[in-house]
Amino acid sequence: DAKTTQPPSMDCAEGRAANLPCNHSTISGNEYVYWYRQIHSQGPQYIIHGLKNNETNEMASLIITEDRKSSTLILPHATLRDTAVYYCIARSRGNEKLTFGTGTRLTIIP
Amino acid sequence: DVKVTQSSRYLVKRTGEKVFLECVQDMDHENMFWYRQDPGLGLRLIYFSYDVKMKEKGDIPEGYSVSREKKERFSLILESASTNQTSMYLCASSSGTGGLDEQFFGPGTRLTVL
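These protein sequence lines are chains F and Z, in that order.
For the first sequence, position 55 (counting from the first letter as 1) is numbered 57 according to this note's numbering, and the numbering increases by one without interruption.
For the second sequence, position 94 (counting from the first letter as 1) is numbered 96 according to this note's numbering, and the numbering increases by one without interruption.
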């Protein structure tokens, strides 16, 4: 699966939208973009995934560029409970394994 | 509420001991996974299982073995624990219905080998 690149850390003010970027310039056509997050002292938690269309669920929105070389996870109204490490993962259909990088440590500032 | 549980949150063992880490899921999932997580290295896959008695090596299987005798239970075994196996160990499961299903993680076991 393609390698992804994320900034190591970001801050966001509480109540504002948190925009987390991910670069996956070598992603292939059958690879999906997945996002997980890991709150301190817990296991990772699935957030959202997409292939080429933008996706939204109750937790977040995922914007994938038209060339699919990058994406942005958006938390529309960040709360203190959104402080976590966020992982962007490229994963092909049928591949049961996830390859985690080191992610982005997002800190929500009161 | 779906759950993946791990037998211990914290464990301290001595070098050379045989260590068993247990993971149980209640979702009737086909796939189960063991990862370890170390600072600066992220999560790395040790082993996974896609069916009872079936297993596949992940990225770092050396020094570990696994057992899956029942669908709901997946055990990670350190035959002879060493200090470099001090780490956070995370278990996960997924339904195995075509490769897009999410993985559900347990809370982790922090193992210290002295």
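A hint or two may mislead.
Unchecked claim - Below are the SDA-like pairs computed for lysine to any residue, each with C-alpha atoms no more than 20 Å apart in a straight line: (1) F/K99 to Z/S67; (2) F/K54 to Z/S97; (3) F/K99 to Z/D61; (4) F/K5 to F/S43; (5) F/K99 to Z/R70; (6) Z/K59 to F/N97; (7) F/K99 to Z/K20; (8) Z/K73 to Z/E104; (9) Z/K59 to Z/D28; (10) F/K99 to Z/T17; (11) F/K54 to F/H79.
Stated by the list, open to error - Over 10 Å on every C-beta distance to chain Z, these chain F residues come out as not near it, computed from the model: (12) P9; (13) E16; (14) Y48; (15) E98; (16) L100; (17) G103.
Claimed, not checked - Interface residues of chain F toward chain Z, partial, derived using beta-carbon atoms under 8 Å: (18) K5; (19) Y34; (20) Q44; (21) G45; (22) P46; (23) G105.
It should be emphasised that the hints constitute simulated quantities derived from the structure, not laboratory data.
A quick note: this is a predicted structure, and the numbers were derived from the prediction, not measured.
In this text, a Cβ means the ideal position worked out from N, Cα and C, and glycines have one as well.
Verification of the hints:
{"no.": "1", "hint": "F/K99 to Z/S67", "verdict": "holds, 18 Å"}
{"no.": "2", "hint": "F/K54 to Z/S97", "verdict": "violated, 24 Å"}
{"no.": "3", "hint": "F/K99 to Z/D61", "verdict": "holds, 10 Å"}
{"no.": "4", "hint": "F/K5 to F/S43", "verdict": "violated, 26 Å"}
{"no.": "5", "hint": "F/K99 to Z/R70", "verdict": "holds, 18 Å"}
{"no.": "6", "hint": "Z/K59 to F/N97", "verdict": "holds, 14 Å"}
{"no.": "7", "hint": "F/K99 to Z/K20", "verdict": "violated, 27 Å"}
{"no.": "8", "hint": "Z/K73 to Z/E104", "verdict": "holds, 18 Å"}
{"no.": "9", "hint": "Z/K59 to Z/D28", "verdict": "violated, 24 Å"}
{"no.": "10", "hint": "F/K99 to Z/T17", "verdict": "violated, 30 Å"}
{"no.": "11", "hint": "F/K54 to F/H79", "verdict": "violated, 24 Å"}
{"no.": "12", "hint": "P9", "verdict": "holds, 15 Å"}
{"no.": "13", "hint": "E16", "verdict": "holds, 26 Å"}
{"no.": "14", "hint": "Y48", "verdict": "violated, 4 Å"}
{"no.": "15", "hint": "E98", "verdict": "violated, 5 Å"}
{"no.": "16", "hint": "L100", "verdict": "violated, 6 Å"}
{"no.": "17", "hint": "G103", "verdict": "violated, 5 Å"}
{"no.": "18", "hint": "K5", "verdict": "violated, 12 Å"}
{"no.": "19", "hint": "Y34", "verdict": "holds, 7 Å"}
{"no.": "20", "hint": "Q44", "verdict": "holds, 6 Å"}
{"no.": "21", "hint": "G45", "verdict": "holds, 3 Å"}
{"no.": "22", "hint": "P46", "verdict": "holds, 5 Å"}
{"no.": "23", "hint": "G105", "verdict": "holds, 7 Å"}
Checked against the numbered hints listed earlier, the structure breaks hints 2, 4, 7, 9, 10, 11, 14, 15, 16, 17 and 18; every other hint is satisfied.
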